[in-house]
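K.L.:
Respectively, the protein sequence lines represent chains A and B. For the first sequence, our numbering assigns the number 1 to the initial residue and increments by one for each residue that follows. For the second sequence, our numbering assigns the number 154 to the initial residue and increments by one for each residue that follows.
Fair warning: there could be bad hints in the mix.
Part of the chain A face toward chain B, derived, beta carbon under 8 Å [to be verified]:
#1 M1
#2 R63
#3 V71
#4 C90
#5 L98
#6 G108
#7 L113
Just so you know, the hints here were simulated from the structure itself, not pulled from any lab data. Don't be surprised by glycine CBs; every beta carbon is placed ideally from N, CA and C.
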Amino acid sequence: MNEQERAAAVSGVCREAAEMAAEARRRGGSVRPGAVTPSGWRVVALAPLHDVAGGREDLWAVRAPGADGHVLLIATSTPFPFHRFYARPCSWAEAEHLVAAWRARAAGTEALLAAARAATVARPRGGGSHAGDVGGQHAAAVDPRTPGREPLR
Amino acid sequence: MILGGGPDGDDNDRRAALLLALLRLSRDPELLPRLEAALAGLGDGRRPSGAVRHADRRLLRRLGERLPETLGPEDAQAWDTERRAEGEEAAAAATAVRLGLAPPAGTPPRVAEAMRAAGELVARLDAGEEVEAGATTAAGWTVVGRTGLERVAAWLPSDLWALLAPGGAELVFVATGGGAPELWDWDRVGDALEYRRGMLGFTEAFVRVADAADPAKQAARAAAREALERAGVARHGTENRGPSVLHLLDGRPVRAERAFLLGAEGHGPGVEALRVDLGPPFVGPPPGRPWAEQVWARPLGGGEWRRGRLRPEADRVMFVDEPGAEEAGPPPGAAAGKRRKRSLEADLLASAWVKRKAAVGGAYARLLHAALADSVWRHSDGDIHEAGPRDAAGLVAQLAGAGTYTDWAWGGPVGVLDEEVLSDLGALGWRRIGV
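Given the sequences, and given the hints that come with them, work out the whole structure.
P.N.:
Here it is in structure tokens:
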């Protein structure tokens, strides 16, 4: 397959992916791994790229038909007002960046929670107020390892 | 004065007059029906009611673009000034909301205070200021931590803060961004964490499956493995000195076989020796010291080794016992006259109780690795420690006194921050501040 044919194939499978996503939406569902496009590309894996307010984007891994069997990554999106799906080829670096981004976000939240717990545990307790106290009006006993969950008033 | 407006006419008078004037003058096919609709909504045909809605703003902007066609320069200028003032007013109001200066009616006073504190921090970020853990607001709220949120729309929060109220009595989470600061409870933050872990799992699984399915990737992996093996083989070599064999890494000696022991040459070439002044792995070729400065060791049996020097001769290699053999010069990193930079490694290795816990329980050691890997720690002195999974694993192996980094770097719990581990490191003055 020369460069021109390859570009045409990529463009074709992107269009097919967009049509499959649109059709699945019309039926109230979504495309699942194992599905095959009209030209024979098999969907190997799907992942939400990220949630978009009022729309969504998904990352697809599709495997080429035939002996070659190379894997192409495609991002599909349906921007507001959901009239149609768009699809574009996507790089492996983009997929790996996505993993790294979610790892960093999860770790960032973990770190924030850990710091918050440490700050709650380490706060002055003698003669002071407990978690959930507001102006000293509430004095429920609190496990120092279970930070207060009462809302501010 | 704009057409149709009297000297005492209010804003709505002028707006209505302008609409009328433009309706008469304009032949724009898109504008005409919208103008008619706008006029029909004016009630008495002249006065628009209430504030300008979002859709009206767009219409008025479009009208403004056509001003030169319909109005004289002075009237056009007056209209433009008025419209700019409206825009600035709206922007100022939005900023006040974003910075927590305009809490909704009925907001409890302490919540409003927390919103203002978070808003103040947002303003500092807007000004390009670094706001780190430990920073305080004018009212005495302390930043415990901050993390970014997936901001998929301008009006959604982009940052989540943990703030400690003045006096440390209460801790709140506040999400800030495009709208008013909003307070999150622990459950909501926990849900955010679960969501992110879920998304991480999804995306990791996706890449793993896609990667495994791609023959090109598999071939590239196999080729890389082979290249690595070839490179490893290329780095190693041997040198024979009579019956003795020197093993070389990058051309430098690292191991000896069938060496002679000085004073016991009659026993033949039976000594095996290892070079022990190589330092940590993955730092490039072994140090190129003269033979007399290299430190070697030979096994005595029962796990005991004796240090010494290696003396190569033309037809053999001699091991010379020297139990106190040491490298020449100061230890690595100990530049004379400079303050020793605090290191988390040194603090942990000097901590008898951390070493004991790591040596006794595999779980503790793995959790220690989970806490140290891919994370940033700061000592109360201000020194910072950052480590990747491999460095952290190497440290854990040292602390546990078992295995190498390969035994600890993979397969452990990821993202589990154990309270005992955090407490132990906290007692040494180290606090995890991020990733």
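K.L.:
Each hint: holds or not?
P.N.:
Hint check results:
1. M1: Hint on M1(A): violated, closest Cβ of chain B at ~13 Å, above 8 Å.
2. R63: holds, 6 Å
3. V71: holds, 4 Å
4. C90: Cβ of C90(A) sits 11 Å from chain B, so the hint is violated.
5. L98: holds, 5 Å
6. G108: Holds - the Cβ of G108(A) comes within 8 Å of chain B, reaching about 4 Å at its closest.
7. L113: OK, holds: L113(A) within 8 Å of chain B, min 6 Å.
Hint compliance for this structure: hints 1, 4 are not met, and every other hint is.
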